[in-house]
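Join the two chains, each given in its own frame, into one complex according to the hints.
Chains as they are written, first to last, in the working numbering: chain A, 1259 to 1431; chain B, 179 to 278.
Worth flagging that the hints you see were computed from the coordinates, not collected in a lab. One should not assume that every hint holds.
[Said to hold, decoys possible] These stretches of chain B come out as covered by chain A in the derived footprint (C-beta under 8 Å, 3 or more residues):
#1 202-215
#2 241-248
#3 252-262
Every residue, glycine too, gets a C-beta built ideally from N, C-alpha and C.
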Amino acid sequence: MIDKVLFYFFAGLAVVSAILVVTRRNAVHSAIFLITALLATAGIFLQLRAEFLFIVQIILYVGGIMVLFIFVIMLVNLDVALHQVQFNRQTWVAGILALALGAQVALAFRLVQKNPQGSEILRLPRGSAAQLAPNTELVGRTLFQNYMLPFEIASILLLVAMIGAVVMAKRKV
Amino acid sequence: MIPTSHYLFLSLALFIIGVIGVLTRRNVIIILMSIELILNAVNINLVAFSRHLGQVDGQIFAIFVITDAAAEAAVGLGIIIAFFRNRETVLADEMDILKW
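If we strip away everything but chain B, and leave its shape as in the complex, we get (with noise of 0.2 Å):
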């Protein structure tokens, strides 16, 4: 049986990878990328509780978490594509208008 703190290394390792891909990619739809990696590694974290302590909530709540991401993948998508067909740009420090 594999340790629980074992999950939690591994969730906190993609958890980290996902915010430096926040932090220094410039293309809008590989930070919306690196934000799914970041609610993967909660997930990851939910359901290694859920088997820790022998519970079935933390997978609802994983499944709620997916649920989000969907829809945040989709707003997210439909917005970028709108930007581009006005501005011809999915460069994240280029978007720096709101109104033109």
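The shape of chain A in the complex, shown without the other chains (with noise of 0.2 Å):
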């Protein structure tokens, strides 16, 4: 019961608030419903018992994505961003795709549930929860045995990427 309360209030929160980042005018306001957003996912995170993620989401996205966001939306300044136009002439484009997408889950959907023979390849083996009791120790286990090179692959993208934002970022390019 707690558990599908939990999931309701965060799942509509995040709704809510992603929808109001992609209309607010202002850039600031929508970084500040951006980290609703994000702080939601994190709960929903915490509601599928994956604490280490809830904790890594609120370190690394509500605490330092967010931040880098707004920094930069104070340095680029707002006064005059706020008298232009904020939407362009594609809302039929984005309707058109977004129809699009949701119609083709729905049809994947619709085909899994009518066919049995598509149920039968799609139906996963269901684990239970209880596998991932010790979430930390378990994703650093797993992290560091069997995702150790994909790791170092990643420390050297966070390494290119730190000299490239340093480099753009300089005064003179």
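And the structure:
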């Protein structure tokens, strides 16, 4: 019961603040609502028993990336941007694309439900959540044993991104 | 226990909202924020399937996605600052030349 309440609360919060992110005129308001959406997603991670990702989401997304966003919003001047037109004339393209994406997934669900053979193909073995119990320990073990090489590549990616950001933001490019 | 399909629908909704944001906004910073929304939707999918299968691999992939999002935000915002310094604009449809 409490699981259901938490899921629907966080899901509703995430969807509503995501809609506000793309519709607000002021970039700072968008950033604040994006923080709300990311925190709601962190709540959904916790509800899915992914405690490590919950903490990573808050520290890295809300504490790191969003601070960077707000810094940049305040570096580029706001007053001029507020008087400009904020939406372009592609709204109908976006609407059609959104409908196509939704229809595609709805069709996939429909086909799986109708066709017993299809549902046989897509029916995945269901594990229990208890298998993920010591979550942080399990994530650490898997990360440093099975995914060692991707982990190192990710660290090189971060180094490249750091150098790239410094070079791009320098006064003389 | 909430069925996995509900998580998939939540993820789909966030993904579509992000796509609409990327396609309709003119401000590059808000386009980047919409991309963060899209990556977030993917993360919900990965973690939902991680719980569904009882395996931790999905969460590892979500960590890699978050790493990519951090790198993308750092470089993207650096480019925006460099562009703003030269052209005094953050609107995507005014960024139409390679050299000035």
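- Message: Flag every earlier hint the structure violates by its number, smallest first.
- Response: none
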